[in-house]
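Which chain is which? The protein sequence lines are U and L, in order. Its first residue numbered 1, the first sequence is counted upward by one per residue in the numbering used here. Its first residue numbered 1, the second sequence is counted upward by one per residue in the numbering used here.
I should point out that these hints are in silico values taken from the structure, not numbers from a laboratory. Accuracy of the hints is not assured; some may be wrong.
Which copy? The list can't say, so a pair holds if one copy fits it or any two copies do.
What the hints assert, rightly or not - Below 25 Å or equal to it, Euclidean Cα-Cα: the simulated SDA-like pairs (lysine to any residue) are:
(1) 392 to 365
(2) 375 to 292
(3) 392 to 298
(4) 115 to 160
(5) 115 to 52
(6) 354 to 142
(7) 275 to 224
(8) 392 to 155
(9) 115 to 71
2 protein chains.
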Amino acid sequence: MALDLSRLLAEPVDARCKGFPYAAAPMPLREVGRQGWNVLRGDCPFPVAVVRRSAMQANSAWMREFTRSTGVRIAPHGKTTMCPQIFARQIDDGAWGITVANVRQLDLCVAIGAKRVLVANQVLAPLDVARLATLVNRDRALEIFFLVDSLDQLAIVDAELRRHELVRPLAVLLEIGYEGGRTGVRSCAEALALARTIAASPAVALSGIECYEGLLVADSDRDRARVEELLAGVRAVAAACDAERLFAGPEVILSAGGSAAFDIVARDLPLRLSKLVTIILRSGCYITHDTGTYERLFERVRERSGEPWRSAPGLRPALEVWSQVQSRPERGLAILTMGRRDASFDADLPRPIKWFRSGLHAAPASAPAAWQVVKLNDQHAYLRVPEDADLKVGDLVGCGISHPCTTFDKWQLLLEVDDGYTVVEGLRTFF
Amino acid sequence: MALDLSRLLAEPVDARCKGFPYAAAPMPLREVGRQGWNVLRGDCPFPVAVVRRSAMQANSAWMREFTRSTGVRIAPHGKTTMCPQIFARQIDDGAWGITVANVRQLDLCVAIGAKRVLVANQVLAPLDVARLATLVNRDRALEIFFLVDSLDQLAIVDAELRRHELVRPLAVLLEIGYEGGRTGVRSCAEALALARTIAASPAVALSGIECYEGLLVADSDRDRARVEELLAGVRAVAAACDAERLFAGPEVILSAGGSAAFDIVARDLPLRLSKLVTIILRSGCYITHDTGTYERLFERVRERSGEPWRSAPGLRPALEVWSQVQSRPERGLAILTMGRRDASFDADLPRPIKWFRSGLHAAPASAPAAWQVVKLNDQHAYLRVPEDADLKVGDLVGCGISHPCTTFDKWQLLLEVDDGYTVVEGLRTFF
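The following block holds chain U by itself, in its conformation from the complex (with noise of 0.2 Å):
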């Protein structure tokens, strides 16, 4: 099921959009990678938002390997990148959907021809479930999940479906959660009262049960069986779902989201039932990597995981953030046109990692180690650097990011650029 992009890339772009030069006349946006547009060369005004293609390349054929050799699927979570070109590559790479966080991430799925979107979320807004009605009426190949994990939500959306005439019943996940968690039910009993609600359901499908172990990891031990223990629990309501008959359909999802512990979901998630068992992937941040949280996290992925997964190689930071040098006020300071308005800041801070200065350069030099940002406010940051530091005015810097997230939702046009930073096309973003 390819997406079709043709109306999005024939649609216009100008330089409304941060990144897109002054002087350049707006251009369908499957213009903007035909330009020759060069970042180091200073083609775009700065700050702009970078992916590095063979990076994302890299990370695509990577989770591609690593879904294919441990048997799972994977609907990457699109509220990463909310960017349908991207999208369109990791249909084309054989992801099994994509998966989103409320209706209107859906609808704009759908929109470009999506035909298996997972809403990993509580939909219950009447203004939401019509739309869910809606679309699934409209075309009957288009299969969509959400979330249910109270009698309340259920019986608001029932309510609201009643108004409605189905061509079937919405498919639905139950949620699992845990104490101090976030949403899901928190015990099994409870996850069977509901189960069984949603099986006598005209309305709604029991599809499959789903958990959110991203938030459990923290680089500890501790988290780890805490995230072994959660899908024990998914695996224990499946079990006692499958038992009672309440699955409806030939097939039973099981699905956990997460980019910091997937290969623990892979492992042991899988469960023999009665029908046949899909096992759902949802990360999102894999496809950029990043500069920070998930590098960290990545390293126990790979530590956990064996051969051939820890002497290969792996994901690899594909999103910069470039800006240059606007003053040096102090000797140790340096002042970037970049602040929290380009770059994410609720993980960590940007991290220096290349530099440049026409002229003195051919390609980005390492940042050293030293240079550190210290401080952003809405449109600058504050980069320490070594008293004698040669860093001057003028010079750009690359900053890596940590959490992609947060930086794809400050920009409406990210530069996709070649290893020598040439734009080889403009990828829209809709937050």
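Guided by the hints, dock chain L onto chain U, whose structure is given.
Same frame as chain U, but now just chain L:
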């Protein structure tokens, strides 16, 4: 100089923007306020960002009165909202011009007919400098100002400008900073040396002196003294430049930014020179105000300002993010359908101020003070409530935010509403 929004208002918006109903056809921006959508009725998908028209109008009137009575002018910082429709109202309300943070933002202002724009930042990238030259050469009525804080920056600007035939020199303001601060020269001697070099350059003209006091303000008396000291530095440099006849043109601009101590600026910055002196405030956040940082800081403004400001109604929070309770997974916990992609979290977490249950409420009720957002994920908020709180799955919660800039930049379309939460205009932003 009224701004021209006709092209913008004719541009289509569609359901790819958060807050726009899925089932509504794409429509010109001007039509959004004519649909009769009501946020509380659930006509728009959650989360939504709303701006309360009555509060925004009151804030604009407050600032008009404040500047009129203190004899200063304002060039509101456009980076706060990046909303041309709001810029137009600020100009209609007597603003001297618009302030922006970079050339891309300037370009957007010029495109809608702004004739006076202050880039409150160092400009130096060749692409940026070239754009300034193009814009100034294209329109003799256009006044653009930008900041210079180093000889290195000036040399880069001069070098680029030698490649252009300018109809007139570019107007610059010299930025004064302080030790431990952001940009800006750190000493009076350094400032004067730079001012002399600017005055000697054929490509740029020294039009005034500038500082940004906003980062010095955090509620304490010590901060107040530091603001006064910084402003004294601006006055001293201005007087010295005036004595040396370094200012070009018939007028000298003295400007300071920020929304936290504009009263001190209005009181302390004016001085008598051999030329007409115009004092320009650059506050941006006053237009929507907030429920947090600026709410606290504004109380200090009122205390310092004496009567009538102390007793008269002050600025009001206009910006709210509404979302829905999607889960009540534990007693004392509600999960909301909004996250760090929807509301500011750099200063404080969003504060629940209102709630609404269809069928129970005719209008939003005040949220109990004990309700507290304690954590955000990308798409979720964790709301702690007392164990016996009457808050159900499906209820709506309206949050005030702290620091408007970082909420505006998360929305391409904000919904301006009347006091009954009916949408009266769609506000487009360009981040």
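Enumerated hints in conflict with the structure, sorted upward: 3, 5, 6 and 7
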